[in-house]
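Model the full assembly from the supplied sequences, consistent with the hints where possible.
Spelled out, the chains give:
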Amino acid sequence: MRLAFRKPRWWRGRSLVIGTPFLWMALFFLAPFLVVLKISLSQMGMVAVEDMVKVADGVVQVALKYSNYLFLTEDERYVGAYLTSLKYAALTTFCCLFIGYPFAYFMARARASLQPTLLMLVMLPFWTSFLLRVYAWKGLLDEGGLVAQALTALGVDHVLLMMGAIEAADRYMHTPFSLVVGMTYTYLPFMVLPLYASLSKMDLRLLEAAADLGATPWVAFWKITVPLSKAGIIAGSMLVFIPCVGEFVTPELLGGPRTLMIGRVLWDEFFANNDWPMASTVAVVLVLLIVVPLAIFNKYQAEAQEKRA
Amino acid sequence: MSRAVFNDRFAAAFGKGWLVTGFLFLYLPMITLIIYSFNASPLPSVWGGFTFEWYGKLLDDHEILAGLWLSVKIAFLSACLSVLFGLLAAFALVKYKRFSGRTLFSGMVNAPLVMPEVIQGVSLLLLLVSVQKAVGFPERGMMTILLGHSVMGLAYAAVVISARLQDLPPQLEEAAMDLGARPWQVFHLVTLPMISQSLASAWLLTFSLSLDDVVVTAFLNGPGSTTLPLVIFSRARLGLSPSINAVATLIIVVVAVCVTLASILLARAERRRAAEISAAQRSNP
Chain A
27 MRLAFRKPRW
37 WRGRSLVIGT
47 PFLWMALFFL
57 APFLVVLKIS
67 LSQMGMVAVE
77 DMVKVADGVV
87 QVALKYSNYL
97 FLTEDERYVG
107 AYLTSLKYAA
117 LTTFCCLFIG
127 YPFAYFMARA
137 RASLQPTLLM
147 LVMLPFWTSF
157 LLRVYAWKGL
167 LDEGGLVAQA
177 LTALGVDHVL
187 LMMGAIEAAD
197 RYMHTPFSLV
207 VGMTYTYLPF
217 MVLPLYASLS
227 KMDLRLLEAA
237 ADLGATPWVA
247 FWKITVPLSK
257 AGIIAGSMLV
267 FIPCVGEFVT
277 PELLGGPRTL
287 MIGRVLWDEF
297 FANNDWPMAS
307 TVAVVLVLLI
317 VVPLAIFNKY
327 QAEAQEKRA
Chain B
804 MSRAVFNDRF
814 AAAFGKGWLV
824 TGFLFLYLPM
834 ITLIIYSFNA
844 SPLPSVWGGF
854 TFEWYGKLLD
864 DHEILAGLWL
874 SVKIAFLSAC
884 LSVLFGLLAA
894 FALVKYKRFS
904 GRTLFSGMVN
914 APLVMPEVIQ
924 GVSLLLLLVS
934 VQKAVGFPER
944 GMMTILLGHS
954 VMGLAYAAVV
964 ISARLQDLPP
974 QLEEAAMDLG
984 ARPWQVFHLV
994 TLPMISQSLA
1004 SAWLLTFSLS
1014 LDDVVVTAFL
1024 NGPGSTTLPL
1034 VIFSRARLGL
1044 SPSINAVATL
1054 IIVVVAVCVT
1064 LASILLARAE
1074 RRRAAEISAA
1084 QRSNP
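Chains as they are written, first to last, in the working numbering: chain A, 27 to 335; chain B, 804 to 1088.
There may be inaccurate statements among the hints.
[Said to hold, decoys possible] Once the Cα atoms are required to be at most 27 Å apart in a straight line, the calculated BS3-like pairs of lysine-lysine come out as:
hint	chain 1	residue 1	chain 2	residue 2
1	A	Lys-113	A	Lys-333
2	A	Lys-256	B	Lys-900
3	B	Lys-936	A	Lys-91
[As the list claims (entries may be wrong)] Among the chain A residues that face chain B by a calculated CB cut under 7 Å, a handful are:
hint	residue
4	Ile-44
5	Thr-46
6	Phe-54
7	Phe-59
8	Ile-65
9	Gly-84
10	Phe-124
11	Pro-128
12	Pro-151
13	Leu-157
14	Arg-159
15	Gly-272
16	Ala-309
[What the hints assert, rightly or not] In silico contact screen, one side only, chain A against chain B (beta carbon under 7 Å); selected entries:
hint	residue
17	Leu-150
18	Thr-178
19	Ile-268
20	Phe-274
21	Leu-279
22	Gly-282
23	Leu-292
24	Ile-322
Calculated from the structure, these hints are not laboratory results.
Idealized CB from N, CA, C, for every residue including glycine.
Quick look at the structure:
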């Protein structure tokens, strides 16, 4: 008697449900990375990328050009751009955290009836075009713009000049300052939402217990609230940091010559220089740079799903 | 005044102040965009008087109108595709706890949320060009843009839908299965109605993301397939232009009205559902 495992009928449905998006993403998200890796090791021909494997005179020739990677390490422009990107992404993350944490905290502590409205008000800018909002900052920070005039009137430009965030007094556009303002503005909702989700789930009785045990509100905040919202802090920080490293639009519209970021370098290599292998090399190294934060983010997502289950 | 009360009042005032300043920061750019769209002078520093001139010019601006139409078409299709695949992916991740390749699957579904768009654009374009060299298809254009947007949208849709799926009480589906329903019936008679709201909000989210996308579209577009964000971006690079303000105001107003309406409708549906549930509980002793 032969024992065979006959797959039950629901197996087919299950394979379809898992397989369809799996195939879709594997084809159009994962496979492209392999193509990028391959092209980063290729030579650029006159019009298109040369083939890697050539057959000539009965000899199969495989050409792996790794000089692109060497060039990356040698040329200061690339190394500088990577470091600049990491620097401004970290700065933006910090600013978003600084502004966003109290924001999320007081939202979570607001009246329960008010919270959905507050949430909607935070999400509304996110739904409108981010390109237009970044463009709006161009108008605000340009000479004669509202914010530029206000900052000069308050004397903030001297502080910024000392910090090195702007080049000359009253010139706020195309400076590190305008870049960080623009990026913080764009990514603030990404920081506020996970923080709010984390903080609103907190059990307020823990704070009461801390007060009963003699802790001041300030101490209770640092010893109880902040550690409990750690998951939200990590999620928000990753949601801001990782995309910021590769940002292109905001540095292009609001940044200046001192804020050359790697997104712009990749764009130029691709569109201006038409050097696809170089652009691919830049992309591969960029992915390697963010692979650690990416792994942290993935781990957090998986853990969050486990916890809810 | 005891220290605790002082701290409380200070905290409350500080909180209100921080929230108000924060919301001002968030909304100031949008409000100025709207105001300056009526400015007769093209410079934001000079107020030239109130005018509808820029809106009139918009009607003759074929580049913007064509871009808007194309963007809406792509956004509509991309939202449908994203929600379809996102629903499958969310379902797979929430309902099936163990299957081979689950970590990879989860990574692939979550990665587009954070992966910089330049990387997504460059990689997808290089893949499509390689495929085109091999089989002569697809041409860069609306289809390729649609593809790129759908891949990005899947991640967002999956997050929204899986959040709702996880919060669902399993008892209803189990009860349906106890009563003899097949998996497909359980899905479309029980699960689907319960997640319909999150499907709608996932659709709207991916619609607006696609409508607004610049970088991936720039890599994947072809001749004749310029979307509205690309038009705006190329003009914005050159400098300030009042016609952009007019488009911006229209977009902001439309979005604000839709989001507010959606919130009100959602709140009303929520209240109605809570009322129904409490009525059902009261009738069952």
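Status of the hint placing A:Pro-128 at chain B (closest C-beta pair under 7 Å): Holds. Min distance 5 Å.
Hint validity - A:Gly-272 Cβ closer than 7 Å to any chain B Cβ: 2 Å, holds
Satisfaction of hint between A:Lys-333 and A:Lys-113, Cα-Cα up to 27 Å: 33 Å, violated
Interface restraint verdict for A:Leu-279 against chain B (beta-carbon cut-off 7 Å): 6 Å, holds
Interface restraint verdict for A:Ile-44 against chain B (beta-carbon cut-off 7 Å): 4 Å, holds
27 Å Cα cutoff - pair A:Lys-256, B:Lys-900: Answer holds: A:Lys-256 to B:Lys-900 is near 26 Å, not above 27 Å.
Interface hint for A:Phe-124, Cβ within 7 Å of any Cβ on chain B: At about 11 Å, which exceeds the 7 Å cut-off, the nearest Cβ of chain B leaves the hint on A:Phe-124 violated.
Interface hint compliance - A:Thr-46 to chain B, C-beta minimum distance less than 7 Å: 5 Å, holds
Hint check: 7 Å Cβ-Cβ cutoff, A:Phe-274 to chain B: With Cβ-Cβ at 5 Å, under 7 Å, it holds.
When the least beta-carbon distance from A:Phe-59 to chain B is tested against 7 Å, hint result: 6 Å, holds
Closest C-beta approach of A:Gly-84 to chain B relative to 7 Å, hint status: 24 Å, violated
Hinted contact A:Arg-159 with chain B - closest CB pair below 7 Å: 5 Å, holds
The structure shown violates the earlier hints numbered 1, 9, 10, 18, 22, 24.
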